[in-house]
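Those sequence lines, one after another, are chains D and X. If you read the first sequence in the working numbering, its first letter stands for residue 1, the second for the next number, and so on. If you read the second sequence in the working numbering, its first letter stands for residue 1001, the second for the next number, and so on.
Because the hints were derived from the structure by calculation, they are not lab data. Wrong hints could be hidden among the right ones.
Interface residues of chain X toward chain D, partial, derived using beta-carbon atoms under 10 Å [to be verified]:
#1 Gly1064
#2 Tyr1083
#3 Thr1102
#4 Val1129
#5 Tyr1135
#6 Leu1136
#7 Val1204
We put the beta carbon where it would ideally sit given N, CA and C, even for glycine.
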Amino acid sequence: MSATWTAVLVASVGCYLLKLAGLSVPASWVEQSWVARVVDFVPAALLAALVVVQGLTSGDEVVVDGRLAGLAVAALALALRAPFIVVLVLAGAVGALVHVLAG
Amino acid sequence: MSPDRSQTLRDAVGLGLAVGLYGVAFGAAADAAGLDVWQALVLSAVMFTGASQFALIGVLGAGGSPLAAVGSALLLGTRNTVYGVRLVPLLRPRGPLRRAGTAHWVIDETTALSLAAPDRALAGLAFLVGGATLYLTWNATTVVGALGAAALGGTARAALDAVVPAAFLALLWPRLGRGNAQPAVQRRVALGGAVVALALTPFVPPGVQVVAAVVAVALAGRPRRAAA
Chain D
1 MSATWTAVLV
11 ASVGCYLLKL
21 AGLSVPASWV
31 EQSWVARVVD
41 FVPAALLAAL
51 VVVQGLTSGD
61 EVVVDGRLAG
71 LAVAALALAL
81 RAPFIVVLVL
91 AGAVGALVHV
101 LAG
Chain X
1001 MSPDRSQTLR
1011 DAVGLGLAVG
1021 LYGVAFGAAA
1031 DAAGLDVWQA
1041 LVLSAVMFTG
1051 ASQFALIGVL
1061 GAGGSPLAAV
1071 GSALLLGTRN
1081 TVYGVRLVPL
1091 LRPRGPLRRA
1101 GTAHWVIDET
1111 TALSLAAPDR
1121 ALAGLAFLVG
1131 GATLYLTWNA
1141 TTVVGALGAA
1151 ALGGTARAAL
1161 DAVVPAAFLA
1171 LLWPRLGRGN
1181 AQPAVQRRVA
1191 LGGAVVALAL
1201 TPFVPPGVQV
1211 VAAVVAVALA
1221 GRPRRAAA
């Protein structure tokens, strides 16, 4: 089996078990302050790291291209409370525009 | 039908459809990350938790190791464990089979719908209807996105490359605003995660900087935790 399939299956089963655990373990196990902190703050760190890795890197290099312009427009759209799908379409349009202009 | 009941149904179907359409972005991003349509579909059908799915393909797409990809997905998946704990008193799933089935649909949206419902019976209805609508739409649109993206040319692919980081930003954004627990700390944590990930990029294998950023931020928060 390819490494990608292994990652897909292991992570899928793992995420399911995390859901099942919530319905199965005593509430007191999960409602501890350190668990609450991790769950509250891990997503912010992880998602922010993914934003910069997806938007500004290629392999082990930091790269500035149309993706950064797309991110800037997405941030503006989010600040103006645009719906999810509008944010994505605008970012994509800007990325394509930069690609054509830099072409 | 009571007004409460029809309102709950409308909310559940509406949210399920709206968020479910977003599966197009996931399917397309999965294709861009080098996954085939079956792998994208297994993620949507079995993992069925959007942020973790995006994290897995995000790390793989950046050339990261499978281990770093799985780690990122699981870190984001811990959220659903806490949701489950909150849902037990509302949904009261009886027996191992019910529990196993309910668990599969415990995600941000079904939790929000159930907690927002006016009473326990409607919470169960919101969970089922919202979960079913979202599950079906999300999986169908995943396939559409993955197949559609595979047929794209250079410019459309550049568009897709710009959509993926914007999607992560859109997932992050609501966590940083008011209405969330400690928005100022959330913003510091996000900034810290971004800076660490970017700074480590030239020095570590792709994908590792994502997990490292989370660990670094968690360690930075530790003294305050010990003092509390």
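Hints and how they fare:
1. Gly1064: 8 Å, holds
2. Tyr1083: OK, holds: X/Tyr1083 within 10 Å of chain D, min 6 Å.
3. Thr1102: Hint holds; X/Thr1102 Cβ to chain D Cβ min 6 Å, cut 10 Å.
4. Val1129: 19 Å, violated
5. Tyr1135: 13 Å, violated
6. Leu1136: Violated: closest Cβ of chain D sits about 18 Å from X/Leu1136, beyond 10 Å.
7. Val1204: 8 Å, holds
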